[in-house]
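Number of protein chains: 2
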Amino acid sequence: MNDQPFDLDPALIDRFAAIVGDKYALRDQADIAPYITERRGLWHGRTSLVLRPGSVEEVSRIMRLATETGTPVVPQSGNTGLVGAQVPDKSGHDIVLSLSRLNRIREIDVLSNTITVEAGVILQTLQEAADAAGRLFPLSLAAQGSCQIGGNLSSNAGGTGVLAYGNARELCLGVEVVLPTGEVFDDLRKLKKDNTGYDLKNLFVGAEGTLGVITAAVLKLFPKPKGREVAFAGLSSAQAALSLFTLAMDRAGAALTAFELIAKRPYDFTLKHAQGVTRPLADDWPWYVLMQISSGRSEEDGRALIEEILSAGLEQGVVGDAVVASSLAQGDAFWNFRETLPECQKPEGASIKHDISVPIAAIPDFIEKAATAVVSVSPGARVVCFGHMGDGNLHYNISRPEGGDDEAFLGLYRPMNNAVHDVVRSFHGSISAEHGIGQLKRDELIATAPPMAIDLMRRVKAAFDPAGIMNPGKVI
Amino acid sequence: MNDQPFDLDPALIDRFAAIVGDKYALRDQADIAPYITERRGLWHGRTSLVLRPGSVEEVSRIMRLATETGTPVVPQSGNTGLVGAQVPDKSGHDIVLSLSRLNRIREIDVLSNTITVEAGVILQTLQEAADAAGRLFPLSLAAQGSCQIGGNLSSNAGGTGVLAYGNARELCLGVEVVLPTGEVFDDLRKLKKDNTGYDLKNLFVGAEGTLGVITAAVLKLFPKPKGREVAFAGLSSAQAALSLFTLAMDRAGAALTAFELIAKRPYDFTLKHAQGVTRPLADDWPWYVLMQISSGRSEEDGRALIEEILSAGLEQGVVGDAVVASSLAQGDAFWNFRETLPECQKPEGASIKHDISVPIAAIPDFIEKAATAVVSVSPGARVVCFGHMGDGNLHYNISRPEGGDDEAFLGLYRPMNNAVHDVVRSFHGSISAEHGIGQLKRDELIATAPPMAIDLMRRVKAAFDPAGIMNPGKVI
Numbered sequence: 004m005n006d007q008p009f010d011l012d013p014a015l016i017d018r019f020a021a022i023v024g025d026k027y028a029l030r031d032q033a034d035i036a037p038y039i040t041e042r043r044g045l046w047h048g049r050t051s052l053v054l055r056p057g058s059v060e061e062v063s064r065i066m067r068l069a070t071e072t073g074t075p076v077v078p079q080s081g082n083t084g085l086v087g088a089q090v091p092d093k094s095g096h097d098i099v100l101s102l103s104r105l106n107r108i109r110e111i112d113v114l115s116n117t118i119t120v121e122a123g124v125i126l127q128t129l130q131e132a133a134d135a136a137g138r139l140f141p142l143s144l145a146a147q148g149s150c151q152i153g154g155n156l157s158s159n160a161g162g163t164g165v166l167a168y169g170n171a172r173e174l175c176l177g178v179e180v181v182l183p184t185g186e187v188f189d190d191l192r193k194l195k196k197d198n199t200g201y202d203l204k205n206l207f208v209g210a211e212g213t214l215g216v217i218t219a220a221v222l223k224l225f226p227k228p229k230g231r232e233v234a235f236a237g238l239s240s241a242q243a244a245l246s247l248f249t250l251a252m253d254r255a256g257a258a259l260t261a262f263e264l265i266a267k268r269p270y271d272f273t274l275k276h277a278q279g280v281t282r283p284l285a286d287d288w289p290w291y292v293l294m295q296i297s298s299g300r301s302e303e304d305g306r307a308l309i310e311e312i313l314s315a316g317l318e319q320g321v322v323g324d325a326v327v328a329s330s331l332a333q334g335d336a337f338w339n340f341r342e343t344l345p346e347c348q349k350p351e352g353a354s355i356k357h358d359i360s361v362p363i364a365a366i367p368d369f370i371e372k373a374a375t376a377v378v379s380v381s382p383g384a385r386v387v388c389f390g391h392m393g394d395g396n397l398h399y400n401i402s403r404p405e406g407g408d409d410e411a412f413l414g415l416y417r418p419m420n421n422a423v424h425d426v427v428r429s430f431h432g433s434i435s436a437e438h439g440i441g442q443l444k445r446d447e448l449i450a451t452a453p454p455m456a457i458d459l460m461r462r463v464k465a466a467f468d469p470a471g472i473m474n475p476g477k478v479i
Numbered sequence: 004m005n006d007q008p009f010d011l012d013p014a015l016i017d018r019f020a021a022i023v024g025d026k027y028a029l030r031d032q033a034d035i036a037p038y039i040t041e042r043r044g045l046w047h048g049r050t051s052l053v054l055r056p057g058s059v060e061e062v063s064r065i066m067r068l069a070t071e072t073g074t075p076v077v078p079q080s081g082n083t084g085l086v087g088a089q090v091p092d093k094s095g096h097d098i099v100l101s102l103s104r105l106n107r108i109r110e111i112d113v114l115s116n117t118i119t120v121e122a123g124v125i126l127q128t129l130q131e132a133a134d135a136a137g138r139l140f141p142l143s144l145a146a147q148g149s150c151q152i153g154g155n156l157s158s159n160a161g162g163t164g165v166l167a168y169g170n171a172r173e174l175c176l177g178v179e180v181v182l183p184t185g186e187v188f189d190d191l192r193k194l195k196k197d198n199t200g201y202d203l204k205n206l207f208v209g210a211e212g213t214l215g216v217i218t219a220a221v222l223k224l225f226p227k228p229k230g231r232e233v234a235f236a237g238l239s240s241a242q243a244a245l246s247l248f249t250l251a252m253d254r255a256g257a258a259l260t261a262f263e264l265i266a267k268r269p270y271d272f273t274l275k276h277a278q279g280v281t282r283p284l285a286d287d288w289p290w291y292v293l294m295q296i297s298s299g300r301s302e303e304d305g306r307a308l309i310e311e312i313l314s315a316g317l318e319q320g321v322v323g324d325a326v327v328a329s330s331l332a333q334g335d336a337f338w339n340f341r342e343t344l345p346e347c348q349k350p351e352g353a354s355i356k357h358d359i360s361v362p363i364a365a366i367p368d369f370i371e372k373a374a375t376a377v378v379s380v381s382p383g384a385r386v387v388c389f390g391h392m393g394d395g396n397l398h399y400n401i402s403r404p405e406g407g408d409d410e411a412f413l414g415l416y417r418p419m420n421n422a423v424h425d426v427v428r429s430f431h432g433s434i435s436a437e438h439g440i441g442q443l444k445r446d447e448l449i450a451t452a453p454p455m456a457i458d459l460m461r462r463v464k465a466a467f468d469p470a471g472i473m474n475p476g477k478v479i
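Chains as they are written, first to last, in the working numbering: chain A, 4 to 479; chain B, 4 to 479.
Since the hints were derived computationally from the structure, they do not count as laboratory data.
This one's a predicted model, so the numbers in the text were calculated from it and none came from an experiment.
Hints may contain errors.
[To be verified] So the derived list for chain B, only partly shown, Cβ under 10 Å to chain A, looks like this: (1) L144; (2) F188; (3) L191; (4) R192; (5) V208; (6) F225; (7) P228; (8) G299; (9) A307; (10) N396; (11) S433; (12) I434.
From the three backbone atoms N, C-alpha and C, an ideal C-beta is built for every residue, glycine too.
This is chain A alone, in the form it adopts within the complex:
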């Protein structure tokens, strides 16, 4: 491997640069740095060139030249992905294609309830544009201030809105994609129903840039809820949380817009380490639930519904204690508490994280079996379990033993992953519920997925990207 970053022929770099103009062809390593390192610093790559095209036409010309010259291309939008999909590898052979200048909101159609946006639109900007038009765009996740919708679609992002509204995939009606050859596949449909052949859209969504470059998309909008009620509940077991979820779904259906599970340990970490959070409940409980109800009618209506659910839960002995936020500010504080959990794990030392899903009914059993698996790998390791219970999706994180050694613990990364993921597989779960595969889980996916699934995915990859220039080394 060449330590110089100039593995690409300078004449070729000039040809690529000419497409976007010198200003938007970054060759200086200082300029390039933010594009080859992921924000947490876990993924570092190398490249001699970052291209920042300003139009779909320029993306198309870049891909045509890439195909002509066999140059690997790594598409990138907000660079907030957690599995290294958007970062080039260390070979220095890849160029980075940043979509961030394609940041126009092309259209909002409030009657059809759609918004048409380019890949580089920041998620929060999109949410705000929908809000200004009197609509809700429900995709919501921690990185929303900087992640961009192209990456959200390419990684089929999840987040806290999935329970009622679905993943990024379900929110997407149509895509515009530049294929490896530079051809533009315009499938920007606003249609809820369209049975004219194979579902190509859903191949590009979630493909992490390995089949083509998503340059724009039509996304669904929803009516804005008129009342939002948030409650915090304390429960004696994960089984009780499952009962409360079933009860809440039965009463609220699609009005149940969040059901987040939090174990005592991450709850306590947050009380200990977070600045300015207030204790949601007076007493301690083994488990907590943050629940949200959205009403299309009114605040009073939402409040009546959430109180009805909690009363029934208390009556049935499912809920130990509960408090409904008495104001929007307190509701926000509950959410802030939930969103602060991940960072409050950091002061407790090194951690090994898992983004898993299992069938909802299996959550209590999973939690029990996984705990045994964890301590068999690292006695004293502390399970930090929280997540989107309503989606069967847990962030099943492990902190090193109290007072233990960070490095020694991180040395157990692979065996810990294997132990937890083996339990996941025993419940027919997923080892990547919402973050994707990228570089992080590629080897494990190939080693443990049914060989037939890997074979079919490879056939798709070969059919769409026969030269293998789209984000090589990612996913498959």
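Once you've looked at the hints, dock chain B against the given chain A.
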């Protein structure tokens, strides 16, 4: 072409028959007849052999032998499809693979809200099983008493439940598929979130049996609504119906579980021809809407909501008149009125039908422009327009001119299709919203879809079925 049905080598027929046993290998043309003719009699094919396997293992062995011998296979479940996808062509070279004996409900998981069923389960049986378990399976369509879920998934069926719950695709979490080679792809996941590689499931769903044979699926269940309220409204224009839809979505959100548009003509045809229907509204209106609200809480709650919507509609001058069903029986009668529309078109003579979708905002303009296109092809032709307005999906049917000649009118089939579909395309709509492509629309799809889409679909087809034995001549 050979008029004898025995185009297949008798020795090969014996080899296929040995897999399922003689009882389930139909060779007699009298036994075969129901499998090669579609119920309305529009599609007739030929075959020497219908196989009725009783297990996934038998399906697998059939496909292995088919690949070995290059024998084309037409998968079929309930044989209710409307585009000829499930009927063999006239060559006599295909064998029919009936999934109807794979009719087990493998599991109902009320906590995870899933049901796992085999391809041959009749839709209504599935609905009833869900209901008995205290859950709702919302896929609902006219053929539900005889259509089977394998076909519903292969055609990505729509129906009246799409507005709140989605198409068959959105209701499906996982599939089990026998590939052309006989290999079994087991992807029977119960997961709402699973980002481990490409979305293979959605390729098989909607592929009309051209990529593999769906033998089983995991489907979503929902809480049963506790109150269902149905209303019939009279309106002065399609534009008013669009305003009412926007108003209803704003107030009810996901509780709005149906919004069906009906023009005066099909309404009048039904009053004229249907046995025992009652006039829903006292006065005549140019347009009607059947609207349904489902409440997770109670009948009273649903009633209050639907009345609130209609009152607001009346106040804003959007609704001319409206009646809320005063009993479940009257609600059923309103639905029966809606479901009777298609057959009440028959006594009016020959018709040319279209299953189209456009962006919801474009519906009023589409209706206006399409009407002009229709009479330019056949002056006096009568537009019979109704459909799932909330999904942008209209059954835009045309009856021959009053007193006109059936055969002369049907001679205009192709130009009428072209004229209507040209208007659909001008609104970026779909020429097959919910029925699929099959044999009926294959040539038109290939001729009019963006060449890039056709090219990508052909690559998918070649990647999954390189020998071209899966349902040849359908879709692509």
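Status of the hints after comparison with the structure:
Nearest Cβ of chain A to the Cβ of L144 (chain B): about 13 Å, over the 10 Å cut. The hint is violated. At its closest, the beta carbon of F188 (chain B) sits 5 Å from a beta carbon of chain A; the interface hint therefore holds under the 10 Å criterion. Taking 10 Å as the C-beta contact cut-off toward chain A, the hint placing L191 (chain B) at the interface holds, the least distance being around 8 Å. Residue-level restraint check for R192 (chain B) holds (minimum Cβ-Cβ distance to chain A is 6 Å; threshold 10 Å).
Annotation: V208 (chain B) was flagged as interfacial toward chain A, and the flag holds, the nearest CB pair being 7 Å apart, inside 10 Å. Nearest Cβ of chain A to the Cβ of F225 (chain B): about 7 Å, under the 10 Å cut. The hint holds. The beta carbon of P228 (chain B) is positioned within 10 Å of a beta carbon in chain A (closest approach about 7 Å), and the interface hint is therefore held. Hint status for G299 (chain B): holds, given a least beta-carbon distance of 4 Å to chain A, under 10 Å.
Interface restraint check for A307 (chain B): the shortest CB-CB distance to chain A comes to about 9 Å, inside 10 Å, so the restraint holds. For N396 (chain B), the interface hint holds, the least distance from its beta-carbon to any beta-carbon of chain A being 5 Å, beneath 10 Å. Among the interface hints, the one on S433 (chain B) holds; its C-beta lies about 4 Å from the nearest C-beta in chain A, closer than the 10 Å criterion. Taken as an interface hint, I434 (chain B) checks out: its beta carbon lies about 6 Å from the nearest beta carbon of chain A, inside 10 Å.
Hint 1 from the earlier list is the only one contradicted by this structure; the remaining hints agree with it.
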